[in-house]
Every structure is written in C-alpha cells, then in structure tokens.
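K.L.:
If you read the sequences in order, they're chains A and B.
This note's numbering puts the first residue of the first sequence at 1, with every later residue one more than the last.
This note's numbering puts the first residue of the second sequence at 1, with every later residue one more than the last.
Just so you know, these hints were derived from the structure itself, not from any lab.
Relax, there's no trap hidden among the hints.
List of simulated lysine-lysine pairs, DSS-like, C-alpha gap at most 25 Å:
| hint | chain 1 | residue 1 | chain 2 | residue 2 |
| --- | --- | --- | --- | --- |
| 1 | B | Lys101 | A | Lys101 |
| 2 | A | Lys101 | B | Lys117 |
| 3 | A | Lys101 | B | Lys30 |
| 4 | A | Lys188 | A | Lys101 |
| 5 | A | Lys117 | B | Lys101 |
| 6 | A | Lys117 | A | Lys30 |
Chain A is faced by these chain B residues, among others (derived, beta-carbon under 10 Å):
| hint | residue |
| --- | --- |
| 7 | Glu63 |
| 8 | Ile86 |
| 9 | Ala89 |
| 10 | Glu90 |
| 11 | Arg92 |
| 12 | Leu94 |
| 13 | Trp146 |
Label-pair restraints from in silico Cβ distances:
| hint | chain 1 | residue 1 | chain 2 | residue 2 | range |
| --- | --- | --- | --- | --- | --- |
| 14 | A | Ala145 | B | Asp149 | 44 to 54 Å |
| 15 | B | Gly24 | A | Pro198 | 41 to 51 Å |
| 16 | A | Gly186 | B | Arg131 | 41 to 51 Å |
| 17 | A | Gln192 | B | Arg134 | 40 to 50 Å |
| 18 | A | Pro2 | B | Val122 | 44 to 54 Å |
| 19 | A | Trp35 | B | Ala75 | 36 to 46 Å |
| 20 | B | Pro76 | A | Asp185 | 35 to 45 Å |
| 21 | B | Pro78 | A | Leu42 | 26 to 36 Å |
| 22 | A | Gly186 | B | Glu56 | 26 to 36 Å |
| 23 | A | Asp28 | B | Arg131 | 40 to 50 Å |
| 24 | B | Ser127 | A | Ser127 | 19 to 29 Å |
| 25 | B | Gly186 | A | Ser138 | 43 to 53 Å |
Note that the structure is predicted; figures quoted are calculated from it, not measured.
Think of the CB as a built atom: it goes at the ideal place given N, C-alpha and C, for glycine as much as any other residue.
2 protein chains.
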Amino acid sequence: MPVLYHLPLSPFCRKVRVALGEKGLPIDLKEERAWERNRRFLSLNPAGKVPVLEMESGDVIAESQAIVEFIEEMAPEPPLLGATAIDRAETRRLIGWFDDKFCQEVTMPLYGEKVLKRQAGVGAPDSGALRAGRQNLSQHLEYIAWLCDRRTWLAGDHFSLADIAAGAHLSVIDFLGDVPWDRFDGAKLWYQRIKSRPSFRPLLADRVTGFQPPAHYANLDF
Amino acid sequence: MPVLYHLPLSPFCRKVRVALGEKGLPIDLKEERAWERNRRFLSLNPAGKVPVLEMESGDVIAESQAIVEFIEEMAPEPPLLGATAIDRAETRRLIGWFDDKFCQEVTMPLYGEKVLKRQAGVGAPDSGALRAGRQNLSQHLEYIAWLCDRRTWLAGDHFSLADIAAGAHLSVIDFLGDVPWDRFDGAKLWYQRIKSRPSFRPLLADRVTGFQPPAHYANLDF
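Kindly produce the complete structure, drawing on both the sequences and the hints.
P.N.:
Here it is as structure tokens:
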C-alpha cells in the first residue's frame, strides 16, 4: 500500500487525505515530525515538508498539489478538478486562493502561531498575528458564502479539489476553535456538507497531544 | 488576442510569459499596478494579484499555476510538464519548490523588500530580511547545481515548467543584482542555457522605473 507521510493538523496533508478518500484509494498513514528533519525523510523530500507520498514502486511525490494532480491522473473517477479546461482552471484558481492567500492570511497566523511554533519549540504565539488571522478569516468566510450563493460548490456544479482545499484549511482553524460559525451562516451550511462526506470523517477523529478541539469539532450538526 | 495582466518583475507573471513564449502563443501584455486595487481588475481577480489571463471568449483565469496548467491543456506541444504522470509529478514538485519555498526564502526577502515595499509606499527594505534572502539564495543555487549534475534540466531530460519557474524567480533576483554567479558555476551554466532561449528574451528587455539592472542582466554570456 502507498504510504503518506503526514501531520494530522497540516491542511496540505488533509487536502491529500480527503482527495484519496474521495477516490476510494487506501493509504498507509505515517506521522512524520517534519520539524525534526530526520535524515531518511529528507532523502524523500529535501524540502523537509509533509505531505509526501511514497508509492509501492518506490516513486516518491512531494508537494500537495503535485500529489493531488498525480492522484487525479492515475484515478480519474470521480473527477475532482472539473470537466472542461475552464472548469479545471477555476478549481485550480481556488486551490491557489486557499493554499496561498488563505494560508498566508489565516492558517499561518493561527495554526502557525499556535501549533507549529509549539511543535518546533520556538516560543509563544504572537498576539498581533492571532488577531490579524481572526480578522482575515471573516473575509474568507464571506467569500465562501458569496461563492455558495452563486454555485452549488465553490468551483461550480460539482464538489471539487477547491472544496477539499478550503475544507482542509478551515478544518484546522475549526480544530483550534477559531471559527465564529454563528456569524457566518452561508459558510457554515457549506462546511456542514463538507463535514458529512465520508472522506472527511477521519479528519474529525484526529487528536493531537496538547490540543483539545472544541466540542462541535467532530459534530456534523454543529 | 488574449490579454495577460502582469507586472514586469513579478516572477509569477514571468513564469506565464515564458510558458506562452515556449508554446508560441502571442499575448497582449497589460501592466497592472495591482497594489492600486483598481475596481475593474478586482472584478477579474478578487485576490487582487497578477498574473491574470483574459481570453477573447471572456473567460478569465487567475493564479499562475492555474494559467500554466490551462495553457498546457490547450496547447500540449511542446510538452512542458513531462511525458509520464511521474515526470509531471516531479515537475510540479519543483514548481512548488520555487513558487513556495524559494519565494518565501529568497524572492520575498529580496524582491518583496526592495520592489514591492517601494511600489506600495510602505517603507524601506528591512536589512535583516535582505541578509536572510541572500544567505538562503546560496542553498538554492547549490540545489540547482546538484540537480543539473544528475539531469539535463531541473526535472529530468527535458526543459520544463520547473526550469521556467526557477528561471522566473532567479531572473528577478538577478535583475536586482543579488545573484553571486561567480561562486556558483553549476547554477550559472544552467541559467545561461535558460537565458539563451527565445522565450526568455523579452524578460531581459524589461525595464522598471526606479531600478537599474546590473550590466550582466541582459548579457547572454555573463
């Protein structure tokens, strides 16, 4: 069985795990404490980051977008990028939105400050960063609602990797108890649909030493 | 003709321009002062970033990776991602290396501090960031040389989007005069091959008010 080196709360690993789940591809998950920079892992990915997919053939793929594009090529059903080139461009635009913009504006100020800093032992969260992350989050929740007012799923008529990338990042922020769901009904309705997918369930069961998710985290009807 | 909204020194715009050049696709370049957040541009890309590709059909594609994947789908020859799924995964891994890791460790500390801050009028470059960017650059130049010792081009036997992404970022740092070529022969030999490609020439002719590239910048035999 292929091995996915991952960290339970990494949004990029979660994106790959959900994509594999949607395709029905079984995987052997191995937690990799990437910040310890162990030698064998660095030989798999000199960037020193998770996720890394190691195939039974010995082929190794790093970078979450490279992995999900590879999965899409090897297992095209159900399609997670879109039916036409323009659909796929819109899906990839939104993946970029969440993996780049949301990540810089929300994920790193919250998950980076609270989790990554603690794991790496490099000090306490910066309160200014936490404040900025929570403020930025509101705008992203509004954008999700705006898209869902116009479309069934974020990139169009079908569930796609755009929903997966967005759900992966938001689920981490939700684990940390930082999503004000009561003020963002539109985004909440979308996230309820995401949470109820079987591919998403394993994420809701993740537990990480030193962190206690809020009671609603694993609750489908929160 | 399709329009590419761009900024001459943006590495992500340069990546798209070179990819279009390799495919022989003509484009109407429009400079977009993205930091001014003009309304019409935000309606094309709510992320407010260049590059944005506007097709004659009215379709709009944002995010450099979404654009180059779209170009690859619409104009498969010459292939810029690789012949097999594993080749394409390696190309995309390296695109991620340069667009994410190199960007954070080198491009933003140098181009971000020197150019973006000045354009946005938000202060002088931070000397600590400049120092860190220059230090990190050495490791990346060594990685390029390491890859070129083992392969013809960065991702394998063929010129690919990995070379384009790497060349796009490095060309911006070179424009700023920050690449110590004399200490990195391996990377220099690779970059000489990149620079001599016709698709790269327009980048070497770019001029930006307030910045003067070093004499060797446009010189193919530097």
